[in-house]
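Heads up: the sequence lines are chains A and B, in that order. The opening residue of the first sequence carries number 43 in the numbering used here; numbering runs sequentially from there. The opening residue of the second sequence carries number 43 in the numbering used here; numbering runs sequentially from there.
To be clear, the hints were calculated from the coordinates, so they are not data collected in a lab. The reader is advised that the hints may include incorrect statements.
[Claimed, not checked] Mimicking BS3-like on lysine-lysine, the simulated pairs with C-alpha atoms at most 25 Å apart in a straight line are:
hint, chain 1, residue 1, chain 2, residue 2
1, B, K51, A, K51
2, B, K99, B, K61
3, B, K224, A, K189
4, A, K61, A, K99
5, B, K224, A, K224
[To be verified] Per the computed footprint, the stretches of chain B lying under chain A, defined by three or more beta-carbons under 8 Å from a beta-carbon of chain A, are:
hint, segment
6, 45-58
7, 72-79
8, 159-171
9, 211-221
[Claimed, not checked] Cβ-to-Cβ under 8 Å is the rule here; a few derived chain B residues that face chain A:
hint, residue
10, I65
11, Q85
12, R95
13, Y137
14, I156
15, G195
Keep in mind that this is a model prediction, so the values were computed, not measured. Even glycine gets a Cβ: it sits at the ideal position worked out from N, Cα and C.
One-letter residues, chain by chain:
Number of protein chains: 2
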Amino acid sequence: MTFAELLQKRRSVRDYEQKAVGIDTINEILQEATLAPSASNNQPCRFVVINCRETIKRLSDESKANLLKDFAQKKASLSPEYVELLKNEKFNVFYNAPCVIYIVGSRAVHSLDIDCALMASYIMFAAAARGLGTCWIGLGEHIRDPKLRAEMGMDENLRIVAPLIIGYPKENPAPSARNAPKILRVISQAKG
Amino acid sequence: MTFAELLQKRRSVRDYEQKAVGIDTINEILQEATLAPSASNNQPCRFVVINCRETIKRLSDESKANLLKDFAQKKASLSPEYVELLKNEKFNVFYNAPCVIYIVGSRAVHSLDIDCALMASYIMFAAAARGLGTCWIGLGEHIRDPKLRAEMGMDENLRIVAPLIIGYPKENPAPSARNAPKILRVISQAKG
Numbered sequence: 043m044t045f046a047e048l049l050q051k052r053r054s055v056r057d058y059e060q061k062a063v064g065i066d067t068i069n070e071i072l073q074e075a076t077l078a079p080s081a082s083n084n085q086p087c088r089f090v091v092i093n094c095r096e097t098i099k100r101l102s103d104e105s106k107a108n109l110l111k112d113f114a115q116k117k118a119s120l121s122p123e124y125v126e127l128l129k130n131e132k133f134n135v136f137y138n139a140p141c142v143i144y145i146v147g148s149r150a151v152h153s154l155d156i157d158c159a160l161m162a163s164y165i166m167f168a169a170a171a172r173g174l175g176t177c178w179i180g181l182g183e184h185i186r187d188p189k190l191r192a193e194m195g196m197d198e199n200l201r202i203v204a205p206l207i208i209g210y211p212k213e214n215p216a217p218s219a220r221n222a223p224k225i226l227r228v229i230s231q232a233k234g
Numbered sequence: 043m044t045f046a047e048l049l050q051k052r053r054s055v056r057d058y059e060q061k062a063v064g065i066d067t068i069n070e071i072l073q074e075a076t077l078a079p080s081a082s083n084n085q086p087c088r089f090v091v092i093n094c095r096e097t098i099k100r101l102s103d104e105s106k107a108n109l110l111k112d113f114a115q116k117k118a119s120l121s122p123e124y125v126e127l128l129k130n131e132k133f134n135v136f137y138n139a140p141c142v143i144y145i146v147g148s149r150a151v152h153s154l155d156i157d158c159a160l161m162a163s164y165i166m167f168a169a170a171a172r173g174l175g176t177c178w179i180g181l182g183e184h185i186r187d188p189k190l191r192a193e194m195g196m197d198e199n200l201r202i203v204a205p206l207i208i209g210y211p212k213e214n215p216a217p218s219a220r221n222a223p224k225i226l227r228v229i230s231q232a233k234g
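For reference, chain A alone in the conformation it holds in the complex (with noise of 0.2 Å):
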């Protein structure tokens, strides 16, 4: 597949087949994912893997419950439609996603939340090459369980930046409308 083929397919994916990913397969993209840049090549990318609905079920529960718990604290804004979402017990965040692969590092990382998003355009893109759809859920990055953080093998310094849902596509969403590139200036050589 060229880049521009890729540049194409990889789209937020929210709706997925049954079937599992193989851990072969997840393996595999961040082995490929390893070539992304970091800030002075540190490499400060954790991963945790969930391939396991009950797990998947418990994350987001557990996630929902706080984001409305800071959102009542005046800690999180929500618009009136994602309350109403996160109240909705039958709400997956993680929709019907078999894997969730969670991105994450030390929160002494200065340039933490850069080095993840770079990374997880890079397992966006592995995962597309191989006909995986991907979505990168917010809504799921709130785990403040220490019992739920300690199954994921998270310690209290963790930080999770990245929750990427990840599944074999019911079909491909047509493609979310873009604007046109906003270029403020453009300065350049003086001629002559």
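Since the structure of chain A is already known, use the hints to place chain B on it.
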């Protein structure tokens, strides 16, 4: 070019041919990069394109001076080698790149670092697909002089996230070493 080839080709490049990068090529790359995902498809990235060596030098000097000032006031930490480098008048943080693209956006956007980093990776790939090299230059982000910011079309509300240099590589640098992916835990479906 396939994605596998592109993955191997995308490197942080710090040494460029004299050859300028045409504005049509930059426009093509930015157009292609609009396909980058962003939180809620909010598309907050804005661009400033500096295709002028004299302005690039001024931006380098401004950023170096501010970073050294922050360091002196203990607002930034820098290794002794970096301090030496920044004090060297001949050192241009953008190396000899003929073009710099600043990815910027509103301070009000909570996910700005992540949105701009995803955009940066798309620009890096779109550039590599055209035989161009890029490098994220964190040292070049400290632009505060109101006159310079006005020249860049940047009001107070905007924050620089990603200064990217772009140009035709003198040579394709050897890949920098990468560790194997650090997977903290795999949680798999219980069998039976």
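How the hints compare with the structure:
1. Taken as a hint, the K51 of chain B and K51 of chain A pair is honoured in the structure, with Cα atoms around 21 Å apart against an allowance of 25 Å.
2. In summary, the hint linking K99 of chain B to K61 of chain B is supported, as the alpha carbons are separated by about 17 Å, within the 25 Å threshold.
3. Using a Cα cut-off of 25 Å, the hinted pair K224 of chain B and K189 of chain A holds, with the two alpha carbons roughly 21 Å apart.
4. For the proposed pair K61 of chain A and K99 of chain A, the alpha carbon gap of about 17 Å is at most 25 Å, so the pair holds.
5. Proposed proximity of K224 of chain B and K224 of chain A is contradicted: the alpha carbons are some 37 Å apart, above 25 Å.
6. By the rule of at least three residues with a Cβ nearer than 8 Å to a Cβ of chain A, the coverage given for the segment 45-58 of chain B holds, with 7 such residues.
7. Counting residues of the segment 72-79 of chain B whose C-beta lies closer than 8 Å to any C-beta of chain A gives 8; at least three are required, and the coverage claim holds.
8. Counting residues of the segment 159-171 of chain B whose C-beta sits closer than 8 Å to any C-beta of chain A gives 9, which meets the bar of three, so the coverage hint holds.
9. With 5 residues having a beta carbon nearer than 8 Å to a beta carbon of chain A, the segment 211-221 of chain B meets the requirement of three or more and the stated coverage holds.
10. A distance limit of 8 Å between C-beta atoms decides the matter here; for I65 of chain B the minimum to chain A is near 6 Å, and the interface restraint holds.
11. The interface hint given for Q85 of chain B holds, since its Cβ lies 6 Å from the closest Cβ of chain A, which is under the 8 Å cut-off.
12. Against a cut-off of 8 Å between C-beta atoms, the interface hint on R95 of chain B holds, since the closest Cβ of chain A lies about 7 Å away.
13. Below 8 Å, beta-carbon pairs count as interface contacts, and Y137 of chain B has none with chain A, the closest being about 16 Å; its hint is therefore violated.
14. Taking 8 Å as the C-beta contact cut-off toward chain A, the hint placing I156 of chain B at the interface holds, the least distance being around 4 Å.
15. The criterion of a C-beta within 8 Å of any C-beta in chain A is met by G195 of chain B, whose closest approach is roughly 3 Å, and the hint holds.
In terms of the numbered hints stated before, the structure departs from hints 5 and 13, listed from lowest to highest.
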